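Heads up: the sequence shown at position 58 corresponds to 58 in my numbering, and the numbers run straight through without jumps.
Since the hints were made in silico from the structure, they are not lab data.
Fair warning: this is a prediction, and the values are worked out from it, not measured in the lab.
Treat the hints with caution; some may be incorrect.
Said to hold, decoys possible - Calculated lysine-lysine pairs in the DSSO-like style (CA-CA distance at most 30 Å, straight line):
# : residue 1 : residue 2
1 : K99       : K34
2 : K73       : K60
3 : K60       : K89
4 : K213      : K203
5 : K69       : K173
6 : K175      : K196
7 : K26       : K69
8 : K89       : K28
9 : K213      : K175
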Amino acid sequence: MIVTVLGAQLSLYPTQRFLFVEISAKAKIPCSSKEKLEGGGISVYWYRRREGEGPTCIKKCLNDQNVSKFACKLETHGMTLEIYNVQQKDSGDYYCAVKSSSYLIFGNGSTLIVGDSYTTSSWVLLLVPSPHGLISTGMVDLACIVHGVFNPVQISWNISGDQQEEALMRSLKAKDGSLMRISHISIPEDTWTSVKIFTCEVKFNSSGNRVKKSARYFECE
(Lines of atoms letter the chains of each structure in order from A; the text may use other names.)
(Lines give C-alpha, C1' and ligand atoms only; values in the text may rest on other atoms or scores of the structure.)
Protein backbone atom coordinates (compact mmCIF):
# COMPACT_ATOMS: atom_id res chain seq x y z
CA MET A 1 0.00 0.00 0.00
CA ILE A 2 1.34 3.46 -0.97
CA VAL A 3 0.44 6.92 0.34
CA THR A 4 2.05 10.35 0.09
CA VAL A 5 3.22 11.50 3.52
CA LEU A 6 5.29 14.59 4.31
CA GLY A 7 5.94 15.18 0.63
CA ALA A 8 7.25 11.66 -0.05
CA GLN A 9 5.79 8.35 -1.14
CA LEU A 10 5.32 6.05 1.85
CA SER A 11 4.81 2.36 1.08
CA LEU A 12 4.23 -0.38 3.64
CA TYR A 13 4.68 -4.05 2.87
CA PRO A 14 4.96 -7.23 4.97
CA THR A 15 8.30 -9.00 5.01
CA GLN A 16 6.54 -12.37 5.38
CA ARG A 17 3.04 -13.24 4.18
CA PHE A 18 2.69 -16.20 6.60
CA LEU A 19 4.39 -16.76 9.96
CA PHE A 20 4.23 -20.01 11.95
CA VAL A 21 5.03 -19.86 15.68
CA GLU A 22 4.83 -22.48 18.42
CA ILE A 23 2.49 -21.98 21.39
CA SER A 24 4.03 -19.94 24.27
CA ALA A 25 6.83 -18.61 22.04
CA LYS A 26 7.41 -15.01 20.97
CA ALA A 27 6.10 -13.96 17.57
CA LYS A 28 7.83 -11.25 15.54
CA ILE A 29 5.81 -9.73 12.70
CA PRO A 30 7.89 -7.32 10.57
CA CYS A 31 6.64 -4.55 8.32
CA SER A 32 9.04 -2.64 6.08
CA SER A 33 9.09 0.73 4.37
CA LYS A 34 11.39 2.21 1.76
CA GLU A 35 10.98 5.57 3.46
CA LYS A 36 12.05 6.70 6.91
CA LEU A 37 9.65 5.93 9.76
CA GLU A 38 11.68 6.44 12.93
CA GLY A 39 11.85 10.09 13.88
CA GLY A 40 9.78 11.10 10.88
CA GLY A 41 6.78 12.35 12.83
CA ILE A 42 4.58 9.53 11.51
CA SER A 43 2.10 7.75 13.78
CA VAL A 44 2.17 3.97 13.34
CA TYR A 45 -0.24 1.29 14.55
CA TRP A 46 -0.85 -2.46 14.45
CA TYR A 47 -4.25 -4.01 13.77
CA ARG A 48 -5.42 -7.62 14.05
CA ARG A 49 -8.32 -9.27 12.26
CA ARG A 50 -9.43 -12.68 13.49
CA GLU A 51 -11.90 -14.96 11.74
CA GLY A 52 -15.42 -13.53 11.92
CA GLU A 53 -14.25 -10.24 13.44
CA GLY A 54 -13.44 -6.80 12.12
CA PRO A 55 -9.97 -5.24 12.39
CA THR A 56 -9.05 -4.17 15.94
CA CYS A 57 -6.23 -1.85 16.95
CA ILE A 58 -4.00 -3.83 19.32
CA LYS A 59 -0.96 -1.56 19.51
CA LYS A 60 -0.23 2.13 19.11
CA CYS A 61 3.46 2.70 18.53
CA LEU A 62 3.36 6.23 19.92
CA ASN A 63 4.92 4.95 23.11
CA ASP A 64 5.99 1.51 24.23
CA GLN A 65 5.36 1.56 27.97
CA ASN A 66 2.74 -1.21 28.03
CA VAL A 67 4.54 -4.32 26.77
CA SER A 68 2.77 -7.01 28.80
CA LYS A 69 1.51 -8.68 25.60
CA PHE A 70 2.49 -6.54 22.60
CA ALA A 71 5.59 -4.49 21.88
CA CYS A 72 6.27 -2.24 18.90
CA LYS A 73 9.88 -2.00 17.74
CA LEU A 74 10.19 1.03 15.48
CA GLU A 75 13.19 1.13 13.16
CA THR A 76 14.42 3.58 10.54
CA HIS A 77 12.78 1.79 7.62
CA GLY A 78 10.23 -0.43 9.27
CA MET A 79 8.62 -1.71 12.41
CA THR A 80 8.20 -5.07 14.12
CA LEU A 81 5.31 -6.18 16.30
CA GLU A 82 6.40 -8.56 19.06
CA ILE A 83 3.78 -10.75 20.73
CA TYR A 84 4.78 -12.53 23.91
CA ASN A 85 3.55 -15.96 25.05
CA VAL A 86 1.44 -16.48 21.93
CA GLN A 87 -1.59 -18.77 22.06
CA GLN A 88 -3.79 -20.15 19.29
CA LYS A 89 -6.29 -17.35 19.89
CA ASP A 90 -3.58 -14.93 18.72
CA SER A 91 -3.75 -16.45 15.23
CA GLY A 92 -5.07 -14.08 12.59
CA ASP A 93 -4.17 -11.39 10.09
CA TYR A 94 -1.95 -8.55 11.31
CA TYR A 95 -1.67 -5.19 9.56
CA CYS A 96 0.75 -2.35 10.07
CA ALA A 97 -0.72 1.10 9.48
CA VAL A 98 0.31 4.73 9.36
CA LYS A 99 -1.82 7.78 10.05
CA SER A 100 -2.07 10.31 7.26
CA SER A 101 -4.15 13.41 7.98
CA SER A 102 -7.43 12.03 9.35
CA TYR A 103 -7.28 8.48 7.98
CA LEU A 104 -5.18 5.32 8.23
CA ILE A 105 -3.25 3.62 5.44
CA PHE A 106 -2.74 -0.13 5.88
CA GLY A 107 -0.14 -2.55 4.60
CA ASN A 108 -1.24 -5.79 2.94
CA GLY A 109 -0.93 -7.81 6.13
CA SER A 110 0.73 -10.97 7.46
CA THR A 111 -1.06 -14.09 8.69
CA LEU A 112 0.13 -15.45 12.05
CA ILE A 113 -0.54 -19.16 12.65
CA VAL A 114 0.11 -20.32 16.22
CA GLY A 115 0.52 -24.02 16.98
CA ASP A 116 -1.05 -26.70 14.80
CA SER A 117 -4.23 -25.93 12.85
CA TYR A 118 -4.68 -29.60 11.87
CA THR A 119 -7.44 -31.56 13.64
CA THR A 120 -8.72 -35.12 13.42
CA SER A 121 -11.51 -33.90 11.14
CA SER A 122 -9.23 -32.02 8.74
CA TRP A 123 -9.04 -32.97 5.08
CA VAL A 124 -8.06 -31.34 1.79
CA LEU A 125 -9.92 -31.61 -1.52
CA LEU A 126 -9.01 -30.22 -4.94
CA LEU A 127 -11.99 -29.45 -7.18
CA VAL A 128 -11.46 -29.19 -10.95
CA PRO A 129 -13.93 -29.10 -13.86
CA SER A 130 -14.83 -32.32 -15.62
CA PRO A 131 -14.12 -32.55 -19.37
CA HIS A 132 -17.87 -32.65 -20.02
CA GLY A 133 -18.42 -29.60 -17.81
CA LEU A 134 -16.09 -27.22 -19.66
CA ILE A 135 -17.82 -24.13 -21.00
CA SER A 136 -16.03 -22.07 -23.63
CA THR A 137 -15.63 -18.88 -21.60
CA GLY A 138 -11.88 -18.78 -21.99
CA MET A 139 -11.27 -19.31 -18.25
CA VAL A 140 -11.38 -22.34 -15.93
CA ASP A 141 -11.99 -22.31 -12.16
CA LEU A 142 -10.15 -24.53 -9.64
CA ALA A 143 -10.79 -24.67 -5.90
CA CYS A 144 -8.77 -26.06 -2.99
CA ILE A 145 -10.96 -26.87 0.02
CA VAL A 146 -9.61 -27.33 3.55
CA HIS A 147 -12.17 -28.77 5.97
CA GLY A 148 -12.22 -28.99 9.75
CA VAL A 149 -9.79 -26.32 11.00
CA PHE A 150 -10.22 -23.77 13.78
CA ASN A 151 -7.31 -21.50 12.87
CA PRO A 152 -5.73 -20.13 9.68
CA VAL A 153 -3.77 -22.32 7.28
CA GLN A 154 -1.46 -21.46 4.40
CA ILE A 155 -2.81 -22.47 1.00
CA SER A 156 -0.57 -22.09 -2.04
CA TRP A 157 -0.88 -23.04 -5.70
CA ASN A 158 1.62 -24.07 -8.33
CA ILE A 159 1.33 -25.06 -11.97
CA SER A 160 4.01 -27.60 -12.85
CA GLY A 161 6.23 -26.06 -10.17
CA ASP A 162 5.53 -22.38 -10.95
CA GLN A 163 4.02 -20.55 -7.97
CA GLN A 164 0.71 -18.77 -8.50
CA GLU A 165 0.25 -15.60 -6.46
CA GLU A 166 -3.30 -14.59 -7.33
CA ALA A 167 -5.96 -16.56 -5.43
CA LEU A 168 -9.25 -15.65 -3.80
CA MET A 169 -9.89 -16.91 -0.26
CA ARG A 170 -13.15 -17.37 1.60
CA SER A 171 -14.24 -19.17 4.79
CA LEU A 172 -17.42 -20.93 5.85
CA LYS A 173 -18.16 -21.67 9.51
CA ALA A 174 -19.81 -24.94 10.61
CA LYS A 175 -22.15 -25.37 13.58
CA ASP A 176 -19.30 -26.73 15.72
CA GLY A 177 -17.28 -23.57 15.08
CA SER A 178 -14.82 -25.23 12.71
CA LEU A 179 -13.96 -23.59 9.41
CA MET A 180 -13.93 -24.65 5.80
CA ARG A 181 -11.39 -22.59 3.90
CA ILE A 182 -11.69 -22.32 0.13
CA SER A 183 -8.92 -21.01 -2.12
CA HIS A 184 -10.00 -20.30 -5.69
CA ILE A 185 -8.02 -19.56 -8.85
CA SER A 186 -9.07 -18.83 -12.42
CA ILE A 187 -6.74 -19.84 -15.25
CA PRO A 188 -6.91 -19.65 -19.06
CA GLU A 189 -8.64 -22.65 -20.60
CA ASP A 190 -5.68 -23.44 -22.84
CA THR A 191 -3.46 -23.61 -19.74
CA TRP A 192 -5.82 -26.12 -18.11
CA THR A 193 -6.02 -28.32 -21.23
CA SER A 194 -2.23 -28.41 -21.59
CA VAL A 195 -0.01 -31.10 -20.10
CA LYS A 196 0.62 -29.08 -16.95
CA ILE A 197 0.02 -30.40 -13.40
CA PHE A 198 -2.00 -28.23 -11.00
CA THR A 199 -1.23 -28.54 -7.29
CA CYS A 200 -2.59 -26.95 -4.15
CA GLU A 201 -0.45 -27.21 -1.01
CA VAL A 202 -1.73 -26.71 2.53
CA LYS A 203 0.56 -26.00 5.48
CA PHE A 204 -1.03 -26.43 8.93
CA ASN A 205 1.96 -25.84 11.25
CA SER A 206 5.64 -24.96 11.50
CA SER A 207 6.88 -28.51 10.80
CA GLY A 208 7.36 -27.75 7.12
CA ASN A 209 5.19 -30.69 6.07
CA ARG A 210 2.45 -29.94 3.56
CA VAL A 211 -0.64 -31.74 2.35
CA LYS A 212 -0.60 -31.72 -1.45
CA LYS A 213 -3.40 -32.41 -3.91
CA SER A 214 -2.71 -32.46 -7.65
CA ALA A 215 -4.72 -32.83 -10.84
CA ARG A 216 -4.32 -32.48 -14.59
CA TYR A 217 -6.65 -32.34 -17.57
CA PHE A 218 -7.66 -35.60 -19.24
CA GLU A 219 -9.67 -35.50 -22.43
CA CYS A 220 -12.50 -38.04 -22.59
CA GLU A 221 -12.64 -40.15 -25.72
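Okay, the hints, checked on the actual structure:
Between K99 and K34 the CA atoms are separated by roughly 17 Å; this keeps the pair inside 30 Å, and the hint holds. With a C-alpha separation of about 11 Å, the suggested pairing of K73 with K60 holds against the 30 Å cut-off. Using a Cα cut-off of 30 Å, the hinted pair K60 and K89 holds, with the two alpha carbons roughly 20 Å apart. Proposed proximity of K213 and K203 is supported: the alpha carbons are some 12 Å apart, at most 30 Å.
Of the supplied pair hints, the one linking K69 and K173 holds, its CA atoms being roughly 29 Å apart against a limit of 30 Å. Between K175 and K196 the CA atoms are separated by roughly 38 Å; this puts the pair beyond 30 Å, and the hint is violated. Restraint check: the Cα-Cα separation between K26 and K69 comes to about 10 Å, which is no more than 30 Å; the hinted pair holds. With a C-alpha separation of about 16 Å, the suggested pairing of K89 with K28 holds against the 30 Å cut-off.
Taking the CA atoms of K213 and K175, the gap is about 27 Å. The hint holds against a cut of 30 Å.
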